[in-house]
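2 protein chains.
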Amino acid sequence: MLVRAFIPAHITAFFVPRFHDDPLKAGSLGAGINLDKGTNVFASIEGGTLERHIHAAFNGEPVGKRDAEITYYVAENLVPEDFLGEVEIWQYFDFPNGHGFGNSAGGALGTALALSYAFGGTWLSAAKLAHEAEVIHKGGLGDVVGQLAGGIEVRVKAGGPGIGVVDNLFFEDYRVLVVPLGPLHTREVLDGDVVKAIEVEGSKALDALLKDPRPERMMVLARSFAEGTGLLTGDLMELAREIDKVLKNPSSMIMLGKGLFALLRKNEVDDVKSLLADLGVPYDITGIHWERPKVGRWFEGGSE
Amino acid sequence: MLVRAFIPAHITAFFVPRFHDDPLKAGSLGAGINLDKGTNVFASIEGGTLERHIHAAFNGEPVGKRDAEITYYVAENLVPEDFLGEVEIWQYFDFPNGHGFGNSAGGALGTALALSYAFGGTWLSAAKLAHEAEVIHKGGLGDVVGQLAGGIEVRVKAGGPGIGVVDNLFFEDYRVLVVPLGPLHTREVLDGDVVKAIEVEGSKALDALLKDPRPERMMVLARSFAEGTGLLTGDLMELAREIDKVLKNPSSMIMLGKGLFALLRKNEVDDVKSLLADLGVPYDITGIHWERPKVGRWFEGGSE
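Each protein sequence line maps, in turn, to chains A and X.
Reading the first sequence from the start, the letters are residues 1 to 304 in this note's numbering.
Reading the second sequence from the start, the letters are residues 1001 to 1304 in this note's numbering.
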């Protein structure tokens, strides 16, 4: 059996981490955007071998347990102990790992949904396990619940699925510009001194957004957060200023990656494309993914 | 400005009411299915008059406050006090009112989303208001959160949006048969002696479903609930037995309407159609609505 799941990429605009010993109570407050591109997970399940085997691959390359702790944690929990067969988890990422697109959560949630679909379970049980894996292995705190919410989401109560509460903003048909320039390691930032500033600036941004809950306001607050925490500086800040010259709403920094994002109106797409081509930086322009993650049986060679 | 919202019809398979003085803590446990047909709400908002006017119409017929308490409650809360203009709420229902399709919740949620989209607010604030209106005016307890969840939903923690927790079952491509034969008044059933039986049978069904969370199991449990509570009897029971003869999974009763529903596999559609045509009963066959409710600006004469 082959099962496919698609999980949107999720970029965070601003956030407040909420740590807790119980992984389901750990999470984050904040706001973010789900994209039409993201993570595709294909789970291939074939019985009939003498042992229970679980394998994972990222973008076609096999990965061992040490390099895919989150995926193996999820799979080990969902493949029954007495299953004799081969389970292969193929994860394909539209954006680079470590750049702040929620790839690890996408892999965790996609794996959890695909294996729950095959072996039994519900959306909530799958989502809880993916969140737990993310928190325990420090992949992220708010991506799983953000991806489940879709669209432009606002985490108003921290926690995992069934505990956290996620709101959504209304939005018109914006496109999203993303400029991924390099990785930032979530666990290093969250272990450092900047956490205090993130808590102060993130809470301020969330309060202000809830008073005026519009995507345009979110971008202004995201930018204040990025600058106020000291995370957006140097070359990245200069690039943000260049981009701002051709857009109505401010660009901001992808949390947490060395990269930028912005909301584009239709008539701004061409200008920003030629600017970024001139500057020679990599970029992508995608839609906002408003629907849920997808999961279902996959028939090779097309739909049945 | 014209804003359109679509809210799926929501039929309940089994339930346990949970009453509470705080409307947001009132709700229900249980399971249900969202359909591809449902309620379309068009909110027309035009400023520039000397007074603030709110009007509503059901299926094209104007309705006064006494006959549309829920809609007016929602609209009065969302149209600003100082707005000078005409607000018209046009609600169109694909299924008849009072037959257990969640029309009142569809109207409440559609109105809340459309007016929040126009005047400001978020998905969560709109959803809370719609649930509150439903509970206060006894439209229903679980339809709003069920409609927000989409698909085949299981209410595992009772309460309104942000408090209740709703799970989803995985399902393959079933069609849904609905046979609406007449109205049942929610408030009369919930005020009667049957509530005790509903609580006992509903809790039993929920526990059993969570141990084996599959749509096929839900139908078996729904049928036990319908019979165990004494709600499914007489002619309706006989019709259910006729339908069962041509289906793999049992049919059950729409809670709360005088009607039946069933999950259809592709190869069962023709048989059930000819059976129901022979019997001369009204029916409809629709898909399961897995996506979210929709809301957005509406451009007359087609999409822009």
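These aren't lab readings, by the way, just hints derived from the structure by calculation.
Just so you know, not all the hints are guaranteed correct.
Unchecked claim - Pairwise CB distance ranges, derived in the manner of DEER restraints: (1) A/Glu291 <-> X/Ala1057: 26 to 32 Å; (2) X/Pro1282 <-> A/Ser44: 41 to 47 Å; (3) A/Glu172 <-> X/Arg1066: 43 to 49 Å; (4) A/Gly60 <-> X/Val1194: 57 to 63 Å.
What the hints assert, rightly or not - Listed next, the stretches of chain X that the computed footprint assigns to chain A, with coverage defined by at least 3 CB atoms under 8 Å from CB atoms of chain A: (5) 1015–1029; (6) 1150–1159; (7) 1195–1201; (8) 1282–1293.
For glycine and all other residues, C-beta sits at the position ideal for the given N, C-alpha and C.
Please list, smallest to largest, the hint numbers that this structure does not respect. Violated hints (numbers, rising): 3, 5 and 7; every other hint is consistent with the structure.
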